[in-house]
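Chains as they are written, first to last, in the working numbering: chain A, 1 to 113; chain B, 1 to 110.
Simulated from the structure, these hints should not be mistaken for laboratory data.
Any given hint might turn out to be false.
Said to hold, decoys possible - In silico lysine-lysine, DSBU-like type, Cα no more than 35 Å apart, as pairs:
#, chain 1, residue 1, chain 2, residue 2
1, B, Lys57, A, Lys57
2, B, Lys68, A, Lys57
3, B, Lys68, B, Lys57
What the hints assert, rightly or not - Sample of chain A residues facing chain B (criterion: CB under 10 Å; computed from the structure):
#, residue
4, Tyr33
5, Leu43
6, Arg109
These numbers come from a predicted model, not from an experiment.
Ideal Cβ positions, reconstructed from N, Cα and C, are used throughout, including at glycine.
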Amino acid sequence: DSGVTQTPKHLITATGQRVTLRCSPRSGDLSVYWYQQSLDQGLQFLIQYYNGEERAKGNILERFSAQQFPDLHSELNLSSLELGDSALYFCASSVDDSHYGYTFGSGTRLTVV
Amino acid sequence: GQNIDQPTEMTATEGAIVQINCTYQTSGFNGLFWYQQHAGEAPTFLSYNVLDGLEEKGRFSSFLSRSKGYSYLLLKELQMKDSASYLCAVRFYNTDKLIFGTGTRLQVFP
Numbered sequence: 001d002s003g004v005t006q007t008p009k010h011l012i013t014a015t016g017q018r019v020t021l022r023c024s025p026r027s028g029d030l031s032v033y034w035y036q037q038s039l040d041q042g043l044q045f046l047i048q049y050y051n052g053e054e055r056a057k058g059n060i061l062e063r064f065s066a067q068q069f070p071d072l073h074s075e076l077n078l079s080s081l082e083l084g085d086s087a088l089y090f091c092a093s094s095v096d097d098s099h100y101g102y103t104f105g106s107g108t109r110l111t112v113v
Numbered sequence: 001g002q003n004i005d006q007p008t009e010m011t012a013t014e015g016a017i018v019q020i021n022c023t024y025q026t027s028g029f030n031g032l033f034w035y036q037q038h039a040g041e042a043p044t045f046l047s048y049n050v051l052d053g054l055e056e057k058g059r060f061s062s063f064l065s066r067s068k069g070y071s072y073l074l075l076k077e078l079q080m081k082d083s084a085s086y087l088c089a090v091r092f093y094n095t096d097k098l099i100f101g102t103g104t105r106l107q108v109f110p
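The shape of chain A in the complex, shown without the other chains (with noise of 0.2 Å):
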């Protein structure tokens, strides 16, 4: 258990639906970071947020948004999915500067049909 925790692990939904990805960070960990892998794929950078505020935002389309709230636990919203949304999405949490670069939580796979 890496302390990084998603869930669902898995997802299947049909296309122009919505979901809802959760993740809590490792604890003491302020920054949370999203990533894309889709199949072969490499890790894409989707949106990192710091102590509850967007740090950082990379590919992410604009059907995609998320949050961190207090607690540090963040989530993020996929909307009007397309097949070609199906992906795993991880989640990664990490202090600032770290040597260990992040860790990262087992995944959500979502299956778009």
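The hints should help you fit chain B onto chain A, whose structure is shown.
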């Protein structure tokens, strides 16, 4: 841009040594990480380099040359369980986000 390049696939034999290379754009460099990722699982931290030279950790070593924008991960005494993807990731100044390469899929054969 912040392109990070590594080979797509490599194969090796059990007990052998393999070197996985990674090149990156040097501007704003502030640390390089190697992660291991088994299929469908979370990436796990292997090593960190921020200064030039070799960092050794058991069977795994990682090397960095900042002037050349180059790193490699060296895996010795390969075991079947080392079959996985190996991800090179770079952190740049003014951000603590990591930019990942597409990963190198290593297959170890008996």
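Tested hints:
1. B:Lys57 x A:Lys57: holds, 34 Å
2. B:Lys68 x A:Lys57: Holds, because 28 Å separates the two Cα atoms, which is no more than 35 Å.
3. B:Lys68 x B:Lys57: holds, 23 Å
4. Tyr33: Check passed: Cβ of Tyr33 (chain A) comes within 6 Å of chain B, closer than 10 Å.
5. Leu43: Hint on Leu43 (chain A): holds, closest Cβ of chain B at ~4 Å, below 10 Å.
6. Arg109: holds, 7 Å
Going down the numbered hints, you'll see the structure goes against none, and every one checks out.
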